[in-house]
Every structure is written in C-alpha cells, then in structure tokens.
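Protein sequences, first through last, are from chains A and B. Note that this note's numbering has the first sequence beginning at 1, numbered continuously upward. Note that this note's numbering has the second sequence beginning at 1, numbered continuously upward.
Not one of these hints is a red herring.
Pairs count within a copy or across copies, as identical chains cannot be separated in the list.
Calculated cross-link-like contacts (lysine-lysine; reagent style DSS-like; alpha-carbon spacing at most 30 Å):
| no. | residue 1 | residue 2 |
| --- | --- | --- |
| 1 | Lys545 | Lys318 |
| 2 | Lys42 | Lys384 |
| 3 | Lys227 | Lys318 |
| 4 | Lys458 | Lys545 |
| 5 | Lys42 | Lys637 |
| 6 | Lys322 | Lys268 |
| 7 | Lys48 | Lys458 |
| 8 | Lys268 | Lys112 |
| 9 | Lys594 | Lys619 |
| 10 | Lys594 | Lys613 |
For the record, the hints were derived by calculation from the structure and aren't laboratory data.
There are 2 protein chains.
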Amino acid sequence: MCGLARLQAFAWLALLAAGVVAALPARESGGIRGFFPARAVKERELEKSFQQSPTPGRARLDVWALTSEPHVAGTPEDYRTAQFVLEQFRLAGLDAEIVEYEVLLSMPREVKVDLVAPVARPGPTPEGGWKPDGKLADARAIMAYNSYSPSGDVTAEVVYANYGVPEDYEDLRDMGIDVAGKIVLVRYGKCFRGVKTYVAERQGAAGVLIFSDPADDGYRQGDPYPKGPWRPATGVQRGSILYLTEYAGDPLTPGVAATKNAKRLAMKDAPTLPRIPTTPVSYDDATPILENLSGPVAPNSWQGALPFTYHVGPGTSKVHLKLDMDFRTRPIWNVMARIPGATHPDEWVILGNHRDSWVYGAVDPVSGTAPLLAVGRGFGQLLKQGWRPQRTIILGSWDAEEFGLIGSTEWVEDHADELSQNAVAYLNMDSGVAGSYFGASAVPSLSRLIREVADEVKDPATGRSVHTVWAAEGAKIRRGNGIPYAVLNTTLSAESSGARVGSLGSGSDYTPFLQHGGVPALDVSFGGPYGVYHSIYDSFDWMQKFGDPQFTYSVAAAQIFGLLALRLSEADLLPFDFADYADALQTHVEELEKELKQEPRVNFEAVHASLAKFTESAKTLGAELARASAHGALSAKQTEETNRALIDVERAFLIERGLPGRPWFRHAFYAPGVYTGYSAVIFPGVREAAGRKDWTAASRELDQVRDAIDRGTRVLNRAIASLIGPERRR
Amino acid sequence: MCGLARLQAFAWLALLAAGVVAALPARESGGIRGFFPARAVKERELEKSFQQSPTPGRARLDVWALTSEPHVAGTPEDYRTAQFVLEQFRLAGLDAEIVEYEVLLSMPREVKVDLVAPVARPGPTPEGGWKPDGKLADARAIMAYNSYSPSGDVTAEVVYANYGVPEDYEDLRDMGIDVAGKIVLVRYGKCFRGVKTYVAERQGAAGVLIFSDPADDGYRQGDPYPKGPWRPATGVQRGSILYLTEYAGDPLTPGVAATKNAKRLAMKDAPTLPRIPTTPVSYDDATPILENLSGPVAPNSWQGALPFTYHVGPGTSKVHLKLDMDFRTRPIWNVMARIPGATHPDEWVILGNHRDSWVYGAVDPVSGTAPLLAVGRGFGQLLKQGWRPQRTIILGSWDAEEFGLIGSTEWVEDHADELSQNAVAYLNMDSGVAGSYFGASAVPSLSRLIREVADEVKDPATGRSVHTVWAAEGAKIRRGNGIPYAVLNTTLSAESSGARVGSLGSGSDYTPFLQHGGVPALDVSFGGPYGVYHSIYDSFDWMQKFGDPQFTYSVAAAQIFGLLALRLSEADLLPFDFADYADALQTHVEELEKELKQEPRVNFEAVHASLAKFTESAKTLGAELARASAHGALSAKQTEETNRALIDVERAFLIERGLPGRPWFRHAFYAPGVYTGYSAVIFPGVREAAGRKDWTAASRELDQVRDAIDRGTRVLNRAIASLIGPERRR
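Put together the whole structure using the sequences plus the hints.
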C-alpha cells in the first residue's frame, strides 16, 4: 500500500477505533499540588477520564500511517502528513490549522565518496540494499546526506580524528598531524554533528566524512537490525550540520519569522551555514578508508569496534568527495491546534512534537507524534464531555525540526511578544518511544511536576508507576551492562540516575522556547536500545520488533504528556517549584566555582549572596503556595497575580542582549554547548569566557548571572506578596 | 642454520666478544645503604666495573642462539640449551653443573577442535601458516595445547563464559544459563589459565576452549605481528593449566624433590591435575564458534573486539573437542652455577630465570636468560680481577617453568633445609625485556633496594636513570592511551604507578622460594606492548622489530639484575628495609579491615597492636642500621648476628601448617589467589575464609597473621639487640 493510501485508510479506521475506551481501575483521589481541595477532586476525575482515552491499537495505527512513506520536511509527502495530522485534530473536535513558513532547505542531488587510493572503491553504498521483506531498499528514501553541507568537489588524503571535538585535534597536534587540506574522517557521537564540521572547518580541513562506528551504535552495543535494534553495516545517520549553537531555525531569518516577505540574509552571510563539504557514511564504507590509513596508531580511546587497529593517517587512503546540493527556499508546514482557556485564555500551555523525518522516522519523530495525536483526541473527548480548560492549550506539530528546529523556531519568533506575555510552559516530546526507560529533562522548576505525573501513570511492563520504575531502572541503566540505552541525540536516560531530571541542552524543539524565549520547558520520552537513528531502518517494522511491540509505551507516553498539560492548564496555582530551581542553581554555582577555583580574578561572593536571597524567597514562596493550595481561600485577583508572577520567573532569567557572540541565545543559565551542541552548558557566558581564559569577560558574565538571579528573586517576591495579600504584608 | 649449529657458532663468537668492554664515565662514589663507609667505595668500583661488562652485541648473540629452535622442557632441544648455558657459565669461569629431576610432563599427540554445527569447520588452524620470511610456520613448533589437560573426546554445545572466573558463572546463572555438560569458551586474561579450567570443572563443564580475544592482546591494542607487536589472527597462547594454587612443581611429588626414587602420587590422586579437557584456540578459530552462538546477548563488559555481537549461547554452535595427550615422567635440567662466598659462604644470594619456552621464547624466557648469562660473565670477569663475593652467589637456569614452576620448585624442595638456614634472597627475572618500561614486584623489605639499584642504571633511550624514567613512565602507562603494556602473565608494570613495587603473586619461579620457603624475593623486568606471548611469534624477529631492537634494554636488565645481587652479596649489613614492610602491612591490614568492616565477628585489635610493635621495632632497627652503617664500627660477631636475624625475618612469616587446604603455601601474608592464580592475594587465609563467610575461620587465620607479625617482631628485636651491643642494651 502506498503511503497516501495508508493515510486515507487510516482516517476511516480511526473513526472505528474511536469507540473503544478501556475501563481502568479507579484511582483514589487526594490533594494535588497547585489545586485547591475542591478542584483537586475534579482534576482527579478529569485525569482518570483522560488516561482512559489513548489505546495501543490507536497508537499502532498512527505509527503505521505516519511511517508509510519517507516524509522529509518541505516535500509533498511531508505535506501529506501535515494534512493527516490536521485531519486527526479536526476529527477530535479541535480547532486546527496549517501554518506555513518559507525556509532555506538543502536537498541532495549527488553524493559521491570514492576511495581512489590505495584501491579504487566507489561509494557510498546505498543504505540497506534490502528491506525487512528481503526486497531492495525503498527508492523513495532520500540519499544519505548532511543537510546544509555546501556542494563541493575535493580529492585529498584522509585523517581520522575520532569524534572530531577540539581535544581530538589537540591530540592530533601532539602526534604531529595537521589536518589542513585533508578530509577528516570522524565518528558520530559525543557532540552534535554540526560541531564536527564547525571544528574541522576551523582546523582548515577540506572536507568531513562522518561514520557510524559499530562501537557506538552497532554490533558492539548489541545485535544489528533486523536481528536486533542496532545499526547494521550499511546504515547511515543522516542529519543537519547547521551551526545551531549560533541560532536555531531558518539560516536566512535569524530572530524573525520566515514569512513570505521576511527580510532574508544572503546565503554567504548566514553564520549558521557550514563552509566545507560534509557527508555521512556507513561503517561499511568507512572500513576501507580507515583500514588503509597509515601514520601513528590511534590512542586506545579512539579505537572503535572495527576489526583492525585504527591509525590516524594521513597516508595511503585518498578520497574523492563530491557533493551537489540543491539549496532552495521551500515551504514547511506546522500544524497548530488550539483549545482556548475558559478562565485564563491568555495563559498558554504548549505541547509540541516535530513531524518531519529523515526516512520513515518510526521512532524519530512518529513515536512522539502518536502521543501528541492521542493527547489531542483525549482532550477532544473531554471537550465533548463538557470540559473547558482553565488555560489555553496549544498543540504544535512542528516541521523541519531535522533541518535545525525550524518549524518551532519560526513559530516562536512569529509569536515572540505573545509568548513572552502568555507562555506558561512548553512541553516537548521528540522521539517519544524507543523502549521502556523513562527519561526527562526540564528546567528545575518543572522537575517535581514530572515526578508527580510519573507517579500517576502505570509502566506497562510492570504495572508499577512510571516513577517507581524510572527511579529503579535509571540507576540500572548506568550500572547494568553499560549499554547507553539513551537515544544518541539526547542527554536523557544516559545521564539520569534514578529519577533524575537532566538539564535541557539542545537537539529538539524546546530550544527556541526556553533558550530564546525564556519559556519554562521540559522534554520527556521512553528510551531504549536504539541504533537505527536517522536511517532507513527506523521503520514500523523496527518499532514492532524492538521499540514498542505492544504500543503500550506509546500509550504511557501520551498519558504522561497529557497529564503534564492538564496539571499546568487546570492548576489554581501553577505547579512550579522554585526551591528545586534554587537547589539546582546552588549545585551549578558550586560546580562552576570548583572548576574556576584556581582563578582568584573571578569572585563568587556576589553570586552567592544573590543566590541565598533567591533560595530564601523560593522557600518562602513554596511554603506560601502550599498553604494557599491547602486552604483554597485566595481571591481571584490574588490567584491571577500570583500566577502571572510564577509565569514571569523564567523570563527574568533572560539576558536582553543575549550571550556574547550569539545574541539569539538569551538564557543566563542554559545553552547548548558550542562544542557539544546537544548537551547543556550551564552558565554559558561564564564558561565560554573561562574557556578562553578571558577573566574580565568571565567576571562580567558572572555579573549577568547574578543579575538574572536577582531579577528572579524580585519576581518570586512579587508572587509572595500576591499570595500573602495586603492583610498579612509587613 | 639449525639450532645446534647456531649454538656452537655462538660459543666461538662469545670468546671473541669477551675482549670488548666499553668505557663508561666514572660515577661519583658515596654512601651505600648497608655498607660501612670504607667498603662503600670499593662497592662503587666493583659496581662500575660490573656495569661495563654486559654489551648489546653479546645480548643479541645470546638471544639469537637461544631462539634458534623451539625448546620445550624435557625435549632434546631443551637439553641443548641447558648445555649451552652450562658452557657459557663455564666459559665465564664459574663452577656450574646440570641438575636433573624426573617430573610428569604432558605432550600433545592430537588436538582437534571441530565445529560440527551449524556448519562444519575442522580445526584448529595451524598457528601462523607463514613465517616472517614468508615461508610456512616452523614444523618443529609444538602444536598449541594446554599442558596437563587430560585427554578427552567430547561433542557438546558451547557456552561463552567471558574470562571464566566465578563471577562470570554467577552472571550466567542470572541469565538462566547452566554450563553443565557444555563446552565453555572463555577468553584469556584476568586470571591464570589453570583457574579457568578449575572453575569450569567445578561448574560441571565437559570441556574448555580458551581463545585470545583481539580486545585483550590483538588488534584492539595495536597492530598485529608482523606489522606490530600484538597477536595475529592465528596466534595461540599455549600454557599449563596445572592447578598451581594447590602447590607448584611436579604434580606427583608435592613438597619433595622429584628425584629418581622419590615417592610419587598416582596421577589420579594428584590434586593439581585438571580433570576436563582444555585447549587453547586462536580468535580465527574461535570466531565461527562464537559468531554462531544463540542465547542472550553477552553483557557489555563481556564483548570483545570481534566484529559481531557476542551471545552467551548455548545453541547453534556445537563443537567436537578431541585431545590425545602423552603423560610421562621425563627428565628436566636446571643449570646451577655457584660462586662461594669468601666471608659468609653459608649466606646465599640466588638469581634465577627459567630457560624452557613454548616455542622460540624470545621474550619468554630468553630475554631474561641473556641477562642471567650476562651477570654470570660479569661476575666471572670480576673473579678474574681478584674479587671474591662476601656471600655465596647462586645462578639458576630453571627448566619446566612453563609446565608449573617445576625446575625451581624441585630445587627448592631439594634444598629446603639449607635454604631455610642460608637463603638471603631470591632474585627472579622471567621475561626480562619486552619493551622499555621497568617494572618490579617484591617483598616490601626489598622495594627500597630495587629503587636504589634503579638509580644506578641508565635507561638506554633517555640516558636518565631507570628509576627516574620508571617514576615518570609508570604513571604514564596508566594514564596514557590505556594500553596495558605489561606482559599479561605478570602483575608488574600494569599495576605500578610511578616507581611502585607490586606484590608477588605467582606466575614465575619466585613462588617456591617466597611462598613455600619464606625466602625474600623480587622480580624485575622491562615490559612493553607484547601480544605474542606463548605463541610462535615470540621470536628473534619480533624482538628485533619491537621488543628491544638495539638489545640495550637487555644490557640494562643485566645491570639491574647483577647490581641487586652485588648489593646483597657484598653488604656489611643486609639492605632490607623493614619499615617499608611495616608500612605495607599497615596498608594491607587497613584494606582488609575496610573489606570486612560489616563483619563485627572479626576483631582487628590484636593485629593492630602487634603491627604497632612491629612498626616500632622496624623503625628502631632502621635507625640503628643507618647508624651502624655510617659508623662501620661493629664487631664481626655483631655483624654476623645482625645479618642472621635480618635473614630470619621473612622466615618468621611462614605458617608451619601452611594455608588452610593448601599446606604447601606457607606465607602468612602472600599467596597466589585461588581464583586469580597470578596476582597476589594478601592475607590469603583470612580472605579465603571471609569469601566463604566462615567468620570463625577468618578470625583464626587473622590470629595466624598476628602470630606471624609477632614472630617477625621478635626477630627484629634480636637484630636490634645484636646491633646495639651489650654495652648499649638496657
């Protein structure tokens, strides 16, 4: 069945399935943080009702429909998925629309990676060569490429540079190896792939080949697909190499929405566009290149899992790399659904997931799209039962995330003022389900909410709460047999031990909300052994065999996603916890101080003093919120003012002029690391100045951190003042 | 040139070379610990003279001659090497003889390892198939086997059990895998190979295959031979699987010398003989077996470097293992040279190295035999210049070490009473040179002497002292790129950081001296990247390419070996340092206490009290020795009595009844671990009882430790009393 037919068939099946609602055992009611006692009872009923809505059968149908054909952003197939999502939202009874932007996307016309010496071997080998059903790989799949790589034609010797981070080039220098004019061969992992090109470009390399080493996501981790969930020999990781640590979104419209008539940069002036040709290869294609390198033996930590000793080169291996890329401004399509808030229409709770994929994208992103649709349907059902949310709920199906968080970023830039006023929180789900291990990253004020919601949802495999299993398994993942179960482009599970919530770096659509817009954000998912990321093997078949065979984790993901939104949309007092934020900042500051302890020119006294005040206010606020929540005796005005202040805290952490050298990133505490790309760097301004040993700048940036904390304290105090009311004020 | 001819040619070349003595810059003289001032000057001259004797050219000739043909213990080729060594000693002017014992050795008649399912593949593949010169491997090389494996014929499914230590079987049990009746496939490393069979036998396995994983000593460490020093695809590690943790030496004559008419056990009653067939295989042969295992994916730490995901089995792979072994009592030949002491003929300083090898044995043991010969020649030259050692020096070229430390053990058992009275120390060198990284293990009272001697000898590559380089490089080895440069069967370099001296476990000929006889012992060598251990590739060609291309480290090894002996043979007061011993015991006890801290039934108070007294006495003794050494005003009787006491200290650490269950091992502090075989277990009686959670026994064994310490203290006090003389006694 072709993809279009599958999508059409599905709409019909979905209508049939709509009647099936499984009965779940009743949960005891009780107090809920942020809810006045009377309303907590109603919230429990609402949540119970919502939790009964998503079903495995529906999830399976959604994944089946959305993985029916490759749907790269900006293509007709992608538009079909937008129409499908629009239709699902509308069938659910939601008010929904497609929002189009016009953005620069690059598509591959030709990719050649020919080994020309010491032996001739043309490449790349087409991915797969076979499908699960034994036939040839899908001709509709886009050839493996790195989007935004420039076109190029270069023949050069090769140097192996490990993961291609700056330390690797320092090691190469120690070995006497210069990469200027060479093609560097690096392996995926450790940092965002764009960083690899960014660093290689600054080293004077002529081109970059990025391969998937079986040590990292292939047979050294477990059996390759189709026997197991890991990357097979010809599997290639596609992906963008946009220099996202400068700014996210359309490369030509930084900071503004890429509408039809937006003012655009010339390509040559866009700082996020890489300048040297870069392309991904499978380890099958990397093997003859790597095996024929001479030069020093690579250090032990550089050795991967291919069956020979890795040398760094150069010498012997010579590669002809030819890329012909079609750069063009193309339309992309976000699908936006909106449920207006009955009481506070100008307080927005936003849920989002991207829809575009590199091939079928069963895990990335369809396993997050299915829960988004389930949440939409669940809310539609509640609406039919007469419910109206207190606050406005917005569901976003973002496009072109894979190219550089483009759909979400353009929308955020399009609604910058409203978001600044109205956004309560942004809840993200990218690859929602790749296994059974729950993981989360968030701003610290939302960690507690995630744990509370994880307490309400059942882990399908064990019947215990997701929180219980998360706390037990998180530790096990780290201890166990060392397999990094986390999806490779997030820092979720791999870094969490027990029920720990990680810091948000980048790699998904929360970035424009949090780091550009100062909107409190979180990201949740179920991870697992998953080596087929951004390859043709991330398919429905993979998902059925390994990721979520019963589609029950898709249901759990939807339950968590929806409950997070319901708590935030329905709470009388928004369930942020700033004492957790204070604790996190305390830890962050201590770590930074320890790192810089040799450096007397950076003085931490003022920050400590500010942080002590913030902590004090956060604790007072927490106690007052608990008291108010328990008594439920606040005036509407008090509640309104308090919530306004609670919403404003995160915005207070923005630095208006942005981070030095990258003004689009404005959060004082969190940014994607310039040399990591994915994982968060904390107090980025200070750390980056310290990295350059510019102590004057480091001190200045630390002042910015202190100011941000002080601004936060003032907002917390505003919340306290609203809460305690005029009669209890000193 | 055949081996015999090479040996004969060599004798002639050696005579020519004898005239060549390079002039070295004069060293400043100064105090030497243990020498009265006047005699220190003479010792400096003596050492200077000795250091000029060994030359790279001579070392090269020795290695060339001794690697001319495979010389397995008990074979005619082995006898030829004994004659060669005898001749070299005699040419040097030493009194030497061949000492024969008759011991049980097993030789292979047939070894078959046929994969019978899922595909048929007969094995094993002959090692090499090629030589450095491109021809077929040497037909004289003994087929790869594990000596003392019984004959057997078994066809069974295979289970992969990682390194085959007890924890691995616990993990298998957790996975629901039982190895009873199965052939276990284990990899070399982590413990003595005999332990692998010992544990598998107790698990009910039907047979054992031991393979060399390229992760451990092949391409994952560096380029395989002949491109690099690591093990190639068909390389096999031969070696004994005698259960040496029961007792060392001839399996049929425990505790007594294997003379012609010695009373012998029946084979069926010998507890050190394994009962299940075991044979080593290359990774080339292990690959199809391992690749076809089904069952659970092996834990991450069990994954080696072969290019597929390891499963534990059983299932699919079925192997037919057939071994036909020729067990027979055979003659072996130690070569013993003796230089009688002029002043203290009944105080013996013994140097030893084994001579038998598995194939050519360029590193193991020839790189230690060349220094032993160089020491013999150096001493011979000193004798010709009129020198007579103060104490008796004995040089031993042991046979059948590879089978189970047999030559040295039989000699120790043969001379038990004399050694108990006379032995000052035993200095061991096994694989003397595999690279440039100095490493040492010793009883703690000899650590300081090793450092002092390493100060006197120049590191050939840098011209700095071996001690300086050792201190710097030891740390680098651990830090650097993680390559375990140590020879795999010793705990030397890999465990030392900086100039640290390790504890003596087992794996070479110091075991009968120290752990059976209570003779203070040390082991020194230069290690390096060395993956061809016990294979046909451990050859002269390997040594010239990788191990010691200039044969300068062979010279340094001889200088260190000889200087250690000269310090011990010539000292006025023996240069033991018991404060170091006290420190080591202190650390050992603290570690043990920490391990058992959950266990209130084991009380450490008495041990601490005893150790405090020992420490106090050791410090006093150290001060008195320093004072006496500086003043040089002791009577001959005082000196004699003091040295007698110094000799007796180590013997005081023996437990007469031996360790529980293995009475041959008598040292209270050090034994080879039952489940490690090579590395030392400290306070073995206590730790083994604790391992069984038998706290009564653990307490009893701790009492034995305390008694040993107390006995040591009394001997230390005797030394103090002798030193301070009647006039200064209280």
